[in-house]
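Engineer: What follows is each chain in one-letter form.
2 protein chains.
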Amino acid sequence: MKLEMICTGEEVLAGQIVDTNAAWFANTMMEHGIECQRRVTVGDRLKDLVSVFKERSFEADIILVNGGLGPTSDDLSSEAMALAKGESLVENTVWRERLEDWFTRNGRVMPQSNLKQALLPETAIMIDNPVGTACGFAVKLNRAWLFFTPGVPFEFKQMVKEQFIPFVKQRFEIAGDVALRKYLTLGQGESSLADTLECIALPSGMTIGYRSFMPHIEIKLFARGEVAIGQLDRIETQIRSILGDAIVADDKKSLAEEIHSLMVDSGRSLSVAESCTGGMLASQLISFSGSSSYFDQGLVTYSNESKVRVLGVKPETLDVHGAVSIATVEEMAMGARGILDSDFALATSGIAGPTGGTEDKPVGSVAIALATKEGVYSQMIKLPRRSRDLVRSLSTAVAFDMLRRELLGQAVIVDYGSIGRFEK
Amino acid sequence: MKLEMICTGEEVLAGQIVDTNAAWFANTMMEHGIECQRRVTVGDRLKDLVSVFKERSFEADIILVNGGLGPTSDDLSSEAMALAKGESLVENTVWRERLEDWFTRNGRVMPQSNLKQALLPETAIMIDNPVGTACGFAVKLNRAWLFFTPGVPFEFKQMVKEQFIPFVKQRFEIAGDVALRKYLTLGQGESSLADTLECIALPSGMTIGYRSFMPHIEIKLFARGEVAIGQLDRIETQIRSILGDAIVADDKKSLAEEIHSLMVDSGRSLSVAESCTGGMLASQLISFSGSSSYFDQGLVTYSNESKVRVLGVKPETLDVHGAVSIATVEEMAMGARGILDSDFALATSGIAGPTGGTEDKPVGSVAIALATKEGVYSQMIKLPRRSRDLVRSLSTAVAFDMLRRELLGQAVIVDYGSIGRFEK
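Note that the protein sequences, when read in sequence, are chains A and B. Quick note on UniProt numbering: the first sequence kicks off at 1 and runs consecutively. Quick note on UniProt numbering: the second sequence kicks off at 1 and runs consecutively.
If you are wondering where the hints come from, they were derived from the structure by calculation, not from laboratory data. Accuracy of the hints is not assured; some may be wrong.
Note: identical chains are not told apart, hence a pair may lie in one copy or across any two.
Claimed, not checked - Here are the simulated lysine-lysine pairs, DSS-like style, with alpha carbons at most 27 Å apart: (1) Lys-361 with Lys-2; (2) Lys-2 with Lys-47; (3) Lys-361 with Lys-161; (4) Lys-220 with Lys-116; (5) Lys-169 with Lys-157.
All chains, full assembly: derive it from the sequences and hints.
Structural biologist: Set out below in structure tokens:
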């Protein structure tokens, strides 16, 4: 069964809208074991629509078409489909009555333009839309069923879940179950991970994919069919034994999400003191609802004066060692922890660039400390200096990983592939 | 000249990634007066890639292909192009040397897999990539030039701007001059802006577009041809007089960017104290290099204790008025300003949701204050409670806009369309 998607609309093609419907659709179908094999995005020109409907109807078994069902003159999906099939548009009386009823219930007179939404190609099967004025419809052309859906995201999603998926399952055999596992990694590039894992012999039906979410690479282990799914545990064990500390979370989009859930479970409290990461640690955690249960405070002490006044860093420490040093960052962490006697405090101080580097401490040098009630862990790392954002987001990730490892009772300081470290 | 785009990659097709490169590309080309007429998204299957390259090469003049140039086994663009053209892959020695050099400069040994990135179809023109390991390339097939670019967004964007656009302009006549002006707005939705501006009679060749960058809507005024360009000033004046305070910056991606440039120019200093925005104010400013010249400190005082201990908020104020109140946020701003005697301090305290709202102070209630050496401005606003992220980012934007207006000598507190306000 070959599934494709056609996205219509000038605003999607021209990038005025990022096409989140498309991503959502592909993801949802994947979870039902159906891969979307091609997606074509076209504007609102009748000629382009007719040609893409015809063209893809020879290649696919089922084509989800999104958009172009509204009442305005640039909504052309129905007309284009009728032309592609060489048939006329006919008023669907059921939908016309539903429309009139809908407007009456909402205390409004139906504008003439909405009548257009009841005009469907002659052979179309009408598809109900309980949440909007655009009905969907399905038409068979050549090899394919073309299934038309509204562009409004919540109407679209409801129609896919409640009508499209049953429509597909009724007509096509869906091959086997699928399963997906995801691992978040830190400190290795995509190519180095791929090289490292190449030695694993994957059973048939299983694939490894990589996805970059700066500063992480996510590894996706995908299995199709019972046999492959049965091998997932064995392959996961191999991946874990090869990658070791590079895997920092399972099925999470960021380390912040992992820290959030570990901190909530731990019942302990956290303060952070940030220099180069400048609010990233705080902001990433506070993006999760419920972070107030553990997050005491975040102090972005960007200036030296602020490190002294707010965190109690000694002026001599700054003079002797500089702001970007193990000594300073340890005092920052201990100071931040002490103010509210938090269980933990993380601190960062580094040179995010692009300027500000020196020979001894080039751009990408970042000191990070974790203070606990018992003591303080610290390290000074060397990050790739590719961009200010990358230095900041990698520093944030390493800081979170130190806390994660502490919370799990593991060694706090470990090596991450391509991240170097200064001697203490 | 007919331009199309082909996006490759399982993760894009399967919706694991929302394809922001595609939207950015269409937008950027539009700004150069070139419309993208179709976009096809395919996965990493060799057969699919070969067939889409062949198929579109008969229809388009130029095709931008994005993705599939990495070192891993699922990066197949080069191989697919060679197959589509019926030629072999040949090592590009210039790029191979560049790769080796790149790894040497970064103190690493080049993994074997990266060698693949120097293999190009025999007739390809190599396209330099100064910021990554994937070179681009261009191949002529049938009617079209296929121009291959890396998937990593910053590499992709640089290649489009520095190589692709000149490549197109060299080979094709681009019809007429174009000009684009952009205005960042705050506090009105896209449809409300569009309704409000509908009364403006645009001259032929001029269009108004809207783009949502949460929490802002950007208005784009696009003119093609000398006559339309000559009318830009007149139309801009009309837009400004209609929208008034809703326009918060010209040609900037965010208010943080505007504040950064105003603060650098002003020579004054800023501290921030954040509760619900939790590091967003600090983090957005510190993302700009040079922010250390004015940014003193950012204090994310999430807990009440922290507001008292770090900022000197009076416990009675918290008891009587609550953390989300004008009284508290004014003390937060004055406290944050006082620590280092900064010229300005911004403070926020609100209920970002989804939980934590009360009848008096529902989710979306946010108190914001700006302290200066002379006094303090404050307001408590009611934001749409659609998402935690939206509440936080709108609060950040309103806070920045208060500072922006102060820096420009304008009234600090104004009405923004759909943002309500509590009586003081």
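Engineer: Is it within a copy, between copies, both, or neither that the alpha carbon of Lys-361 lies no farther than 27 Å from that of Lys-161?
Structural biologist: neither (48 Å within a copy, 33 Å between copies)
Engineer: Given a CA cutoff of 27 Å, do Lys-169 and Lys-157 count as a within-copy pair, a between-copy pair, both, or neither?
Structural biologist: within (17 Å within a copy, 41 Å between copies)
Engineer: What label fits Lys-361 with Lys-2 when the C-alpha limit is 27 Å: within, between, both, or neither?
Structural biologist: Classified as neither: same-chain Cα gap 55 Å, cross-chain 51 Å, threshold 27 Å.
Engineer: Between Lys-2 and Lys-47, at a C-alpha cutoff of 27 Å, which is it: within one copy, between copies, both, or neither?
Structural biologist: Intra 25 Å, inter 14 Å, cutoff 27 Å: intra and inter.
Engineer: Quick one: Lys-220 to Lys-116, C-alpha cut-off 27 Å, is that within a copy, between copies, both, or neither?
Structural biologist: between (42 Å within a copy, 22 Å between copies)
In the structure shown, a violation is registered for the earlier hints numbered 1, 3, in ascending order.
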